[in-house]
Amino acid sequence: MNILLEHETPATDLDQMEIVYQRPDALTDLATHYCPGCSHGVIHHLIAEVIDELGIRSHTIGVAPVGCAVFAYKYFNLDSCEAAHGRAPAMATGIKRVLPDHIVFTYQGDGDLASIGGNEILHAALRGERITVIFVNNAVYGMTGGQMAPTTLAGMKTTSSPAGRNPLTQGYPLHLTEMLATMPGVAYAVRRSMHSVAETRKTKKAIRHAFTAQQQGLGLSIVEILAACPTNWHVEPADALDYIRDRMLPEYPVGDFKVSEGLGDRRLGD
Amino acid sequence: MTRELWKGNEALAEAAIRAGVDAFFGYPITPQTELLEYMARRMPELGRTFLQAESEIAAINMVYGAACTGVRAMTSSSSPGISLMQEGFSYIAGSEAPCVVVDIMRGGPGLGNIQPGQADYFQITRSAGHGDFHPLVLAPATVQEAVDLAYISFDLAFRYRTLVLLAGDGALGQMMEPVEMPPMRTPDATQPDWALTGAKGRPPRTITSLYLDADELASVNARLQEKLKTIAAAEQRWECFMTDDADLLVVAFGTVARIAKSAVRAARAAGVRAGLFRPISLWPYPAPVLDGLVDQVQGVLVAEMNAGQMLEDVRAIVRGRTPIRFLGRTGGVIPMPDEITNELTHMTRVNHRTNGAGMKRDVE
Amino acid sequence: METSIIISGFGGQGALFAGQLLAYAAMESGKEVTWIPSYGPEMRGGTAHCTVVIGDEPVGSPLVRNPDCVVAMNLPSVDKYEPLLKTQGRLIYDSTLVRRSLRRTDIAGVAIPAHDIATRCGSQRLVNVAMLGALLTLCPLVDLAAVEQALHTHLPARHAALLRPNIVALHAGAAYVKALAETQITARG
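Protein chains in written order, with my numbering: chain G, 1 to 270; chain Z, 1001 to 1364; chain D, 2001 to 2189.
Please note that a few of the clues may not be correct.
A few chain D residues that face chain Z, going by a derived Cβ cut-off under 10 Å, partial list only [claimed, not checked]:
1. 2036
2. 2038
3. 2065
4. 2116
5. 2123
Worth flagging that the hints you see were computed from the coordinates, not collected in a lab. The model shown is predicted, which means the values in this text are computed figures rather than measured ones. In this text, a Cβ means the ideal position worked out from N, Cα and C, and glycines have one as well.
Make the full structure from the sequences, and use the hints.
Printed below as a string of structure tokens:
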């Protein structure tokens, strides 16, 4: 097969090409295990780009959750560990307290953070731990197959709420980030979304703000990210983005719930 | 060295400090709270990390996180809190993060009470969480021994990358005794080659207990089991008291063992040749030594502040060669020396019949 | 040779501290000793007691069923420990609070008006130390000087003003028992 098609670039020319895009240093070259249309891979990428841009990879420690992102530590090219379900903020506290000059972040889903780990995130925030929390909210337990989470929308059908979530018996959707924003120990609490390119860019900026807040020692920073789970929502990947926009956003509006006065780097805008 | 009067809980804390503990995370619970309070005062004075966690669950996970960075991390609690920590123990075992945990046992089950107990024996020696593992469990009987064991606990934890559990009870935690404190040690500053310190100039490191591939997890487990075998062979600790010519052997650990010492002395004064075998390491259990004593005695009395937990280990070692009698006290009731002496006297008269209600029984 | 002492009273009367003073003094006198408290809710105002065992060899059991000596600072303590004392055991009780006479005749009971003594020494809070002075006169386990030293070293700094009164109360309790003994000798003679 030595026929060179017109639109293909000869291999010999690669060396002369300008690199305009490449895998961030903070990511390994492993292919992720995520489903088609899942937001996790892109969010990993955003975090890695921010870590590269801030030049903090060699003193950053990541804490992976239990959930779909359980293998996040395989994808981030930095020191990392795997927490028990929901305990990432406690583990990150332990790390940050003995390595205060390091950057420590947790990566957690909504079941991990808002349900089983509710107490750990609440008290890490209460203490104003200088850690960054990336909170991926796709409104379901993904890894176990789409059960109801505290963030599941009212009426939303899941495998454990087959008739649709009834708030009167199964509770209302939890707005955890807004809750944390009320706490003095929290420096930065915002919600972003992954449903469009523009929103994805804003998500990256928010992640950058969150890490910057940690660098400045301002307190706990959290970015909640509305993410797609086409598999458990039973929709096509492209439709999942519309689902975020049309179903998730009305319940979970994007916005800045708390931005510490002291946070620099504000010129990056939202 | 000078002797000072120390309360058990505070002595444990000071010994850990002198052993070089870098970080303490804990949660209040009677009867261990003085340990936490002592750490709250002393650790900041020394520029070390102290943090009161929101729960025992959080405390053990903070210890886990700190331990992942290669520092000497510890927590302490009492039975109900130890139950909550089991999740963390399992992760710590699976990912081989070295750390030290103190359990000042109290009466159970449930909320039980705050009086001394030894009913965590199964919980802490068998597995202390899901999966196959054993913490290295050391059970001091005196405040001095608590200090001495706490002083070496981090060495053991780091040598084997294991969880070391110091198992006392409310009596040990609350009592005061003269102690010679060991000197303040400057811990080895070299960082272990597995510690998470930031991937500067080296490939990234990962600490995890997750291995989705069955063969991979099986091989990890095989390695962990090999390590446990090494610990089992190298770390057995025990005390034999007046066993050389003993006809009857008391087997007891911790506070009950020191009470049994008084009972053995009293029995000897009454003409009963009794001796005491005291396991100091509850896991690994010093089975060979006990095994060697069994053939020389006419009976074994197991005394515990539980309904018969170490008894299971003793039975497996005795294997029916000699009668076993059991004296158990639960609910925070501490057996008095005369109760143990009475049992010994009784055993010299009738070895094979039971004479009492409640927890006294002839086992086999 | 081991001697066991139980000191018992209402929470806040200083039974535990009196026991600690005794333990410190015993240790400084080169003896083996254990001190173990009752602990928990009773610390907050109920009855509190501690057991001190003093010996020449390392102490086995820190707890005893039948103590050699009991210092009872209130009636419930007398009710509880009078039946438990060893034969020929010593029971020292505060006659200001305990109005009944002892039932056993095979023990040595000594009633001392500890509240009155303490009040004369400056504070009702000195009852514990006055009774300790009485105990150590009846059973010379350690020298009073060793208890004085323990007071110097271990009385919390916030109570520094009470150091002198404590020492006075210790000796006043001792003197009361001494005088009592002399009276009895005189009476017998």
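Results for each hint:
{"no.": "1", "hint": "2036", "result": "holds, 4 Å"}
{"no.": "2", "hint": "2038", "result": "holds, 9 Å"}
{"no.": "3", "hint": "2065", "result": "holds, 4 Å"}
{"no.": "4", "hint": "2116", "result": "violated, 31 Å"}
{"no.": "5", "hint": "2123", "result": "violated, 25 Å"}
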